[in-house]
Every structure is written in structure tokens, then in C-alpha cells.
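2 protein chains.
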Amino acid sequence: MKFKNDLFLRAARGEAIERYPVWLMRQAGRILPEYRALRATLSGFKELVETPALAAEVSIQPVDHLDVDAAIIFSDILVVPEAMGLPYQMLEQKGPWFENTIRSKEQLELLDKNIDVADRLSYVFEALKITKRELNGRVPLIGFAGAPWTILCYMVEGKGSKTFSESRKFLYTQPVVAHELLKRITEVTITYLKMQLEAGADALQLFDSWAGILGREQYQIFGLNYIKMIVEAFPNVPFTVFSKGAVASLPDISAINCTTIGLDWNMDMGSVRDMVGESKTLQGNLDPCLLYASDEIIEKETLNLLKSFKSQRHIVNLGHGVYPDIDPEKVKVLIKTVKNYEI
Amino acid sequence: MKFKNDLFLRAARGEAIERYPVWLMRQAGRILPEYRALRATLSGFKELVETPALAAEVSIQPVDHLDVDAAIIFSDILVVPEAMGLPYQMLEQKGPWFENTIRSKEQLELLDKNIDVADRLSYVFEALKITKRELNGRVPLIGFAGAPWTILCYMVEGKGSKTFSESRKFLYTQPVVAHELLKRITEVTITYLKMQLEAGADALQLFDSWAGILGREQYQIFGLNYIKMIVEAFPNVPFTVFSKGAVASLPDISAINCTTIGLDWNMDMGSVRDMVGESKTLQGNLDPCLLYASDEIIEKETLNLLKSFKSQRHIVNLGHGVYPDIDPEKVKVLIKTVKNYEI
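Chains as they are written, first to last, in our numbering: chain A, 1 to 343; chain B, 1 to 343.
Some hints could be false.
The list cannot tell twin chains apart, which means a pair is met if one copy fits it or any two copies do.
Stated by the list, open to error - Computed list of lysine-lysine pairs in BS3-like fashion (alpha-carbon distance at most 25 Å, straight line):
#1 K129 - K162
#2 K330 - K105
#3 K330 - K162
#4 K94 - K162
#5 K46 - K162
#6 K339 - K2
#7 K307 - K194
#8 K159 - K94
#9 K339 - K307
#10 K228 - K336
#11 K4 - K162
#12 K183 - K94
Think of the hints as simulated: they come from the structure by calculation, not from any bench.
Extracted from the complex, chain A is given alone in its bound form:
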């Protein structure tokens, strides 16, 4: 496949680039008026996730309207637990909710075994195929999944939480069951990501949204060990590991064999660069709240980030998903600043 713009892939692989690529986590959905207009015609979030033509449409919207350097498939990390036999609902204003949770060996046994990932997640693969075809080489397409620890958090807790203390309790009280669950999530995730590549994804990202609530040693044991297994199943793929909040674990994350590390806005670009040398690309890490500021401040802070780069191995992004009430015009200021910056 010949790309019109493959800056994202070249930056991920450490090849020469003319300028830094830029895209935004959560760019598909949330902020665009075109997304909101479509969303308003639907019964709910899941209808959009599960209808390939519509998921493809909102995946492409930010390429059309924001001129980003990569598309990411519109989906949800919770499609994996659902495929494993634990369905979820997305409640308006409240977030995800699972009727059943996994907190014991008996409950773990109720999950489906040897699932047919191609069938159960066919809607994601179909959405990727349509998106890939309609992008027509304009920019690369990113596939993704939740990291096993974060998926476990939702399966144990059954909903969002500030502390995910049920999940952390689970690690202390039932470590053997926890490892068994993580192993199963890992296996399904590897199959899921392989099929995403077959369906058209050009790069992959793992989102470990709740990495930051574990101490360093526990995150190594219950988090990074499984991420490592997944990453090692994709030796030649541009692969980003984004462990939000895991500042203390950055030395351990640096040791993983991925091409790219995603940084949140609490992580220090310079010290991570020192840890990884030129062996990895760093993605991030503007504060999502910067996009509430004036155009002048957005431009100034974006330039400060760009000037801090000591290498070409960078992909500009926020340090977390773009917040729902951000004005898309502010995103354009950020993107324009990156595109006008001469390396």
C-alpha cells in the first residue's frame, strides 16, 4: 500500500521525517459537530460501535475535518470482555456498566472458552476494512485494544471507579485467578489485534488507562508482563504502549520491545528520551486542558513541546483523550502549529 502521508509510520519506525506527525487520542467521536449530528440519530453509543459503516464514517471524520496524520478506528476497549462472554452497556452520563462481574474462580469459569474472535468481533474488522478502503491511502489507520490490566479492572469492578479498589483487592486476595483472567484476556487480545491487522490496521496501540493505580512492582507483575506478551506477538508492527499514570514504571515500560511509548502530561519527555535513547518513538504529551486556553497559549505551549524534542522519533498527541467539550477550532490551532514547525 502506497500512502500519500505515511509520516506516522515513519516516525514510529524511526525513519527520517520532514515534520512531526500529529493525531489526537479520542479524535474519532466526541468533539466534531459531524460526529454529534450522526450520533443524535442513533439509539446509543453501542449502535455506533457495532455498525461498521457508521464506525468507519466517524473514524474518517477527523481526517477530513481536522487534517490529522493518522486515523484510529472508532471502537471501545470493552468489546473484548463482551466477546469473552461479559456483555456491557454504555449508560448515558454514567459510563460503562456490566451486569455480571468476575470476582472468583467460579465466576471466571462462566466466561466463554475458545471463542471465535473473527465472528464475535466481526463488526470491528468490517469497520476497519471499510475505513481502510475509504481512506484510500491518505493516512495510516491505527487499530487498538485495552491492555489486560485495564480490561480486568472493568471485568472485576463492573463499572468505572476512582480507585478500582475491588480490582486491586482481587490482586491481593486471588492472585492465581487474577493471572488466569489476565492470561485469557491476553490470548483473546493477541488474536483480536492480529485480525485487526488483517482487516487493514497499519499500526496498533494498547491503552492501559488504569496503569497508574498500581505500584511499580504490581504493575510489572500484573500489567507489563502481559503487555510484553502481546507486544512480542507483533515484532514488525508499529506498536504503541500507553500506560496512563504509570510515571514510576517508565523504566520498565522502556524495556518493552514496542516501537512507541505513549506519554501522559505528567511524564517528562526528556527523562524518557534519556531512558530509551533512539530505540523508541515517544508519543504525546500535551495536557488535554491546554485546549481550553486561548489560541496564543495553545500555540506557545505546542511550540515549547516541539522545541523540547531532541530527536525525530516523536509523534505529537495529547497526554490523554481529547475532552468532550473542546472546541474543534482549538484542535486545529494545535495541528496547524505542529504542521508549520520545521524540524
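Following the hints, put chain B in place on chain A, whose structure we already have.
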């Protein structure tokens, strides 16, 4: 005042100790059956906070029943915004809620000026006096306040939040008003803490619960600068700064002239010791979820922490407040392990 047990104060000052002192954040209230029995007779949380004899009773309960090496006054960090003219309610299951919020210069002007702290917070000082008298020198008494950034978060947001994005937006859009508000909180807090010392507190702690949501530079500007002003007003007092989640800011926190740094369970004791040398005491940092584990695991992990100490300048604590559903018997295992450990 001659103490029967002043290990906490000696450890904070870097004096010789026979064994490490131990206490738990949130030890007053929450987990003890004696607390719950008293709480059940009252109209709500605030009645307890505002009734000195009862606040004193629950402050002393953990000394009686858990045998901790320090008492902390039972109160709430939100008494400060209330004293400034922004009253709060504590909603069952939901947490704090403010009818009014501060999001503009006009709203800032509605706060009371030149308030009489001695009068408005007299119930806290009265509770401290009773507690001090009834402790009768058994252990030192810790006074506390919220750090200005965390207090601002509640005043702007009006309630708890996962991201406190309104508060962070406020920093980007109205930095001048934010600094004015932080300055006012700082002034009231200094007066408040001075009066706590006069009323009987032997040591002080600042809780910056939402430190971790700011990037390092912003936390220096809007967080640590004000903490520094407060700490410098108390040159000879054992003073703990606890900036939860601010892993990236530990080098900056280390530069503050407090006696003690509180560490959460994501912070690495060894590397902070390297930063501060023997100039500071470190407090923490067991994972609060450890107390869900078996007695054997609690003992083992507590011993691991104790063995990792390379100096006497340590106070054992959790890395966050004890969770409400923890069995007090588990806390006793932790405390016994610390007390039996020979330095």
C-alpha cells in the same frame, strides 16, 4: 509537654528512635466499630466535624483501639473553603457538594475577606484542645489542612471529579484569578494551622490529594509555590507535605523545607531517599489494598517495606487513607509487624 511516646516527633525531626513509628491516614473514623456506633447516632458527617467533644472522641479511638503512635484530629479539609464563605454539604454515598463555585473574578469577590479564623473554625480548635487534654501525652497530635491547589479544585469544581478538568481549565483560562484564589487560601491556611498549634497540635500535615492531575511545571507554579509559603511559616514544626500522585514532582517536593514527605504507593522510597539524603523523614507508603490480603501477606509486605529503609528517618503509614471497608484486625497485623521490627 512530656510524652509517653514521642517516636513520631523524633522520627520527623531526624532524632534517634528505638523503632519506627506507625499511624494511618484516615485512622480517625471509617473503619472502627466504635466510630460507626457513634456516627449512627448523628444526623451526618458534618455534625461530627462540628461537635468538638465528638470529634475529639473519634480522634482518640485509634489510639485506644489500634495503638497507633500518633493521633490526627478528626476534621475535613473543606472546613477552610467554608470558613472563606463557600459552605459545603457532605452527601451520603456521593461526597462533598458546594452550592456555589468560584470560576470568575466576580465569583471570587463574593468570598468573605479578612475572616475571623479563630471564630469561624473555633470548633476545630476546641476539638484539638479536648483531644490534647484527653490524650494526656500518650502520643503526639497531628493537625492538618488541605493544600491550596486541592482546596481550589473543590471551590472551582464544586464536587469531586475524576479529572478535575474545570479546575485545570481555570488555570489555563484565568491564571490571574487562580493565583489570587490560591493566595487567599494560603493566607487563611497559615492562620488556621498556627491556631491549630496553639490549640494543641504537635505536628502538621498538608494533604494535596489532587497534586497528581497537574503536569510537573503547572504543579510547581500553582501547587508547590503555595505549599512552600505555608511550610516556611512553620520553621520549627514537624511538617509533612503529602502530594498524592505527584511522582514526577518528587525532585521539586524534595526541595521544600518541610521535615517530612508523605509518599503514596506509586512512589519509590529508595529513589526519594537518594534525592533527599538524610535531610528529610519519609512517611508511607503501603498500598491501602494490602489490607485486603491475608495476615501472612500483610506481614510479609510490611517487613519488605521496613527492610527497604536505609535510615531511621521513616514513619510507617499507608500510601493513602485507609479504605472504609477494611477490617480493623488487618490494621492491627500491620501495626504489630512494625512494632515488633527491630531497627
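Practice task
Check each numbered hint against the structure and report the violated ones by number, ascending.
Solution key: 1, 7, 10, 11 and 12
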